[in-house]
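S.K.: Listed below, chain by chain, are the residues.
Number of protein chains: 2
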Amino acid sequence: MSLSMYQASIPTFVRMLGNLSAILDKGLADAEARKIDPAVFLAGRLAPDMHPLPRQVQIACDMAKGGAARLAGVLLHNMPDTETTFEELKARIAKTVDYVKGFKADQIDGSEEREVILKFPGGEMKLTGQQYLLGFVLPNLYFHATATYAILRHNGVAVGKMDFIGQG
Amino acid sequence: MSLSMYQASIPTFVRMLGNLSAILDKGLADAEARKIDPAVFLAGRLAPDMHPLPRQVQIACDMAKGGAARLAGVLLHNMPDTETTFEELKARIAKTVDYVKGFKADQIDGSEEREVILKFPGGEMKLTGQQYLLGFVLPNLYFHATATYAILRHNGVAVGKMDFIGQG
Chain S
1 MSLSMYQASI PTFVRMLGNL SAILDKGLAD AEARKIDPAV FLAGRLAPDM HPLPRQVQIA
61 CDMAKGGAAR LAGVLLHNMP DTETTFEELK ARIAKTVDYV KGFKADQIDG SEEREVILKF
121 PGGEMKLTGQ QYLLGFVLPN LYFHATATYA ILRHNGVAVG KMDFIGQG
Chain F
1001 MSLSMYQASI PTFVRMLGNL SAILDKGLAD AEARKIDPAV FLAGRLAPDM HPLPRQVQIA
1061 CDMAKGGAAR LAGVLLHNMP DTETTFEELK ARIAKTVDYV KGFKADQIDG SEEREVILKF
1121 PGGEMKLTGQ QYLLGFVLPN LYFHATATYA ILRHNGVAVG KMDFIGQG
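These protein sequences, in sequence, are chains S and F.
Quick note on the numbering used here: the first sequence kicks off at 1 and runs consecutively.
Quick note on the numbering used here: the second sequence kicks off at 1001 and runs consecutively.
I should point out that these hints are in silico values taken from the structure, not numbers from a laboratory.
Incorrect hints may appear among the rest.
[What the hints assert, rightly or not] Quick look at which bits of chain S chain F covers, simulated, 3 or more residues with Cβ under 8 Å: (1) 12-24; (2) 75-86; (3) 136-146.
The structure displayed is predicted, hence computed values, not measured ones.
Just so you know, even glycine gets a beta-carbon here, dropped at the ideal spot from N, CA and C.
Working from the sequences, and respecting the hints, build out all of it.
M.R.: Structure follows, in structure tokens:
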């Protein structure tokens, strides 16, 4: 079967978000085992001007959610960024996975040339669907998933590369 | 134009490696500006049992190099991991970019179902070309590029997300 926009997006998002949720499980279990307040891990940052763990998870989720919606050409679905615990972050991931799983292949396939406009405080960026998926959504999704993983690992949580890669 | 295995691999590798090289430029310039021995940044790790910066760059390069070769079904091209300076790491990236640019679309396209066997100390993993690209090469490439970025940013280098994402 030929590679399709659907294959390169939805199953990829679902796999990475599933791995991210399992990484959070390991983080929470480690905090409990070492009697560390989970809030300590949640406040972790890789640099003073980088986001703490919850924001990393929220952005990873938003990349998948926004990616699915924009490629399908449907209205963006807002999810407020209110999570402050591991449990709430896992629920956010689960809700995002459910949302993206709701997209059918025929909504996403053929979106290679669909115009995607990203609005930023400083202006906007016009991309094709293919540029958006390969050059924006996937790098950002992996960036924020890696940051989440690295914050936990920096704090001594025994996660390994296979937790990140998961099911190939 | 339909999404193809070539489009999802070679231009994606070239863009990310180019951004990584520019991130290293900023790291070296910052070390010089702040009169910090660049070896300090190169020794940086996100956790005691994670790789230091040079190994992160080498693995990112190897993901692109191995990805291109395995999808095209050609022999793996070995590059020894000898780099110890920013300049040498940039040369490794440039050599890798040249190598992957040497692949033509018709060598990579149609590799969705090509069998890819990854050998590890503990055994082997059999994947289709599509699983290998989407579930192994890209996540690993972005993981190690993010780790490189985060090591520099953790050390106070003023890199930002646009340096990572670069040209969409």
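S.K.: Hint by hint, note whether the structure agrees.
M.R.: We went through each hint and held it up to the structure:
1. 12-24: holds (count 3)
2. 75-86: With 0 residues closer than 8 Å to chain F, the segment 75-86 of chain S misses the three-residue bar; violated.
3. 136-146: holds (count 7)
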